[in-house]
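Fit chains B and C to the supplied structure of chain A, relying on the hints for placement.
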Amino acid sequence: QCGHILLSAPIVRLGDQVTASCIINQNCSHLGTEWRIVWKLEPELHPRERQQRLPNGTLQSTITLPHLNHSRVLLSCCLHWGNSLQILDQAELQAGYPPTAPHNLSCLMNLTTNSLICQWEPGPNTHLSTSFTLKSFKSQDKCQTQKDSIPDCVPEDGQRCCSIPRKHLQLYQNMSIWVQARNALGTSISPKLCLAPMDVVKLEPPTLWALEPSPAMAPPQPGCLRLRWETWKPSLYIEQKCELRHQPRLGEAGWDLVSALPARTPQYELCGLLPSTAYTLQMRCTRWRLPGHWSEWSPSLELTTTQR
Amino acid sequence: QCGHILLSAPIVRLGDQVTASCIINQNCSHLGTEWRIVWKLEPELHPRERQQRLPNGTLQSTITLPHLNHSRVLLSCCLHWGNSLQILDQAELQAGYPPTAPHNLSCLMNLTTNSLICQWEPGPNTHLSTSFTLKSFKSQDKCQTQKDSIPDCVPEDGQRCCSIPRKHLQLYQNMSIWVQARNALGTSISPKLCLAPMDVVKLEPPTLWALEPSPAMAPPQPGCLRLRWETWKPSLYIEQKCELRHQPRLGEAGWDLVSALPARTPQYELCGLLPSTAYTLQMRCTRWRLPGHWSEWSPSLELTTTQR
Amino acid sequence: TPLGRARSLPQSFLLKCLEQVRKIQADGAELQERLCAAHKLCHPEELVLLGHSLGIPQAPLSSCSSQSLQLTSCLNQLHSGLFLYQGLLQALAGISPELAPTLDTLQLDVTDFAYNIWLQMEDLGVAPAVQPTQGTTPTFTSAFQRRAGGVLVASKLQSFLELAYRVLRYLAEP
Numbered sequence: 001q002c003g004h005i006l007l008s009a010p011i012v013r014l015g016d017q018v019t020a021s022c023i024i025n026q027n028c029s030h031l032g033t034e035w036r037i038v039w040k041l042e043p044e045l046h047p048r049e050r051q052q053r054l055p056n057g058t059l060q061s062t063i064t065l066p067h068l069n070h071s072r073v074l075l076s077c078c079l080h081w082g083n084s085l086q087i088l089d090q091a092e093l094q095a096g097y098p099p100t101a102p103h104n105l106s107c108l109m110n111l112t113t114n115s116l117i118c119q120w121e122p123g124p125n126t127h128l129s130t131s132f133t134l135k136s137f138k139s140q141d142k143c144q145t146q147k148d149s150i151p152d153c154v155p156e157d158g159q160r161c162c163s164i165p166r167k168h169l170q171l172y173q174n175m176s177i178w179v180q181a182r183n184a185l186g187t188s189i190s191p192k193l194c195l196a197p198m199d200v201v202k203l204e205p206p207t208l209w210a211l212e213p214s215p216a217m218a219p220p221q222p223g224c225l226r227l228r229w230e231t232w233k234p235s236l237y238i239e240q241k242c243e244l245r246h247q248p249r250l251g252e253a254g255w256d257l258v259s260a261l262p263a264r265t266p267q268y269e270l271c272g273l274l275p276s277t278a279y280t281l282q283m284r285c286t287r288w289r290l291p292g293h294w295s296e297w298s299p300s301l302e303l304t305t306t307q308r
Numbered sequence: 309q310c311g312h313i314l315l316s317a318p319i320v321r322l323g324d325q326v327t328a329s330c331i332i333n334q335n336c337s338h339l340g341t342e343w344r345i346v347w348k349l350e351p352e353l354h355p356r357e358r359q360q361r362l363p364n365g366t367l368q369s370t371i372t373l374p375h376l377n378h379s380r381v382l383l384s385c386c387l388h389w390g391n392s393l394q395i396l397d398q399a400e401l402q403a404g405y406p407p408t409a410p411h412n413l414s415c416l417m418n419l420t421t422n423s424l425i426c427q428w429e430p431g432p433n434t435h436l437s438t439s440f441t442l443k444s445f446k447s448q449d450k451c452q453t454q455k456d457s458i459p460d461c462v463p464e465d466g467q468r469c470c471s472i473p474r475k476h477l478q479l480y481q482n483m484s485i486w487v488q489a490r491n492a493l494g495t496s497i498s499p500k501l502c503l504a505p506m507d508v509v510k511l512e513p514p515t516l517w518a519l520e521p522s523p524a525m526a527p528p529q530p531g532c533l534r535l536r537w538e539t540w541k542p543s544l545y546i547e548q549k550c551e552l553r554h555q556p557r558l559g560e561a562g563w564d565l566v567s568a569l570p571a572r573t574p575q576y577e578l579c580g581l582l583p584s585t586a587y588t589l590q591m592r593c594t595r596w597r598l599p600g601h602w603s604e605w606s607p608s609l610e611l612t613t614t615q616r
Numbered sequence: 617t618p619l620g621r622a623r624s625l626p627q628s629f630l631l632k633c634l635e636q637v638r639k640i641q642a643d644g645a646e647l648q649e650r651l652c653a654a655h656k657l658c659h660p661e662e663l664v665l666l667g668h669s670l671g672i673p674q675a676p677l678s679s680c681s682s683q684s685l686q687l688t689s690c691l692n693q694l695h696s697g698l699f700l701y702q703g704l705l706q707a708l709a710g711i712s713p714e715l716a717p718t719l720d721t722l723q724l725d726v727t728d729f730a731y732n733i734w735l736q737m738e739d740l741g742v743a744p745a746v747q748p749t750q751g752t753t754p755t756f757t758s759a760f761q762r763r764a765g766g767v768l769v770a771s772k773l774q775s776f777l778e779l780a781y782r783v784l785r786y787l788a789e790p
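Protein chains in written order, with the working numbering: chain A, 1 to 308; chain B, 309 to 616; chain C, 617 to 790.
Just so you know, these hints were derived from the structure itself, not from any lab.
Be a bit skeptical, because a hint or two may be false.
[To be verified] Covered by chain A, per the in silico footprint, the following chain C stretches (three or more residues, Cβ under 8 Å):
no.	region
1	634-640
2	715-725
3	770-780
C-beta: ideal position from N, C-alpha, C; glycine also.
For reference, chain A alone in the conformation it holds in the complex:
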């Protein structure tokens, strides 16, 4: 090969100094003697340059970029030949930052996909190709010691979340979870979480129904509503408590809250409301006596109380 480029380092920190040399060896002697190396840089930069002819006849040109502040620079080493500029070799310089620690790592156990889904925020752009890996291990204590390892979870390209399948989980034991970010300039890891998957179950909201009036039941009192609800089917085995909120559909009144309700009730009478008034009701539930997250509020149920 007639000429080739050597870089002090292909990937450097933004602002660092970089030197590049282009060496034209004697293989190019058929080109005659009096020629100069010409560098083409994209984007155009004007580095310091030093050309020297080495004892063994090779010609070397070294350029120095004191503070590289472009994340990508394409270097071409060229020679004038006849009336054309001949490109002999090319090299790409990359500059960026080592990854900062990913943050806001949070995980939810999804009972539908039966997997633990964790998401995080990557931190500022490093300008370099940076890979993220969700790492975890099973622990028998508060995550001080590792009991069993869990395979790395590699997110799909560009994704900021990863899903650990059920077969790698012990739902009722603690596991330590963190995110590792890695690029050519370094590695960083997020703060570690210590959790048991069942303690971070994502509950879907319960379902609220109006109770159809039936001959067997006396009509509801004025200012009362009869309803029933049931928790989200896949979570029936989880002991839960629920909260009901209600407000008149019209007007400015805020939500009223009824808390500590059981997970399911065949029949519930909500009283103390304004008679013949349209109400909006919503309910949410959470795993209870054992730790868990509140579900979102259920879709609204619109009911009107009877006249006086």
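Below, chains B and C without anything else, positioned relative to chain A:
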């Protein structure tokens, strides 16, 4: 094992005769002696039955279904034991038809996905799990002889089409293509196509534009429209001819056709139209002088001719 | 008294166990429903004879009965029983593509539950020196045997869990 079922054949043609035997061997001797085999069929059928005690002490019951006209029958061989009916073995009988030849095989070369997409019709339901495979080979003649093989194209479950990737294709050489259908009762193949992928290119319609009036050009004559068009970008390298059809937007007049138009024109004047009348115009193109399919008609262009 | 030692069982452990029993019961019920729908194998009573020939054992919980509750031995029987069913469920592998996900979930949940009880026994210092090993599990030689085995194992597991649930709830009572 106490008892097991033997089938004359697990899969038969609908209407064929099937026999099934249940053999209770001496392992069941601990059950005492006087018991009878009871068959449970799902759906319920009433086959001829023959029970016999063989010299070696085993008990065998054989049932015969002269004409099986259910595609699925679940057979259970049972024994009365105490006051319960004990299931000793189960077998599933399947009945259906060998596949008929798939038909209406057609292929299009898709320039966007760069693959040859063939589709077909499977023929009547065989009631059996039937797999379809798109087979093909490259030929240097009119597909009489195979030059190179092409890997089988296996469609996704239940799909009636398959896509042969570019790397298996020689776009300008003939290839023989057919579909094979196979199930437990037989195999059948469709009529064979012989085509060169480029001769079945699927062209997207051209794009029609109105020509903006410009000072450099005299205004269009009454009853004339100025327009331009361009064939679908990925097919620019393909020599094509096009057709323009137009009709007044209102009224009952049918389409008028202008054929043999070039693939692209910077400026075209369509005359002989009614003055100050709104027209709907559409265009389609086909590969020309070489074989090809017409594209669909382009979306309509609405233009109005100038007053007299 | 057996109850004295029960105070040593953390409430959160008992609540988790109760939740796990309910979860496994739900998994087991789904397996039974699918076996019934797909293969008309709906009643374990119809498979007693086959069960004998296959040799599907029933795990004892004699130390967990409310009349004669011995906590350490009860925990041990709970763990051994779950360990046995873990092995039986494993032997059912290849039951059918449609049932495989349900069977996998059931087996994972039983394994988790057995593991939690083992850890609690270790915390109480009552865990046997050596983890139990799987005895000879039945070999299922046909698709029918695996399905029939599935019905039998699921039904024995449900009655085992019924007993377990009763004693756990008894222990969890304030």
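Taking the hints in turn, this is what the structure says about them:
1. 634-640: It holds, with 5 qualifying residues against the three required.
2. 715-725: Holds: 4 residues of the region 715-725 of chain C have a Cβ under 8 Å from chain A.
3. 770-780: violated (count 0)
Checked against the numbered hints given earlier, this structure breaks only hint 3.
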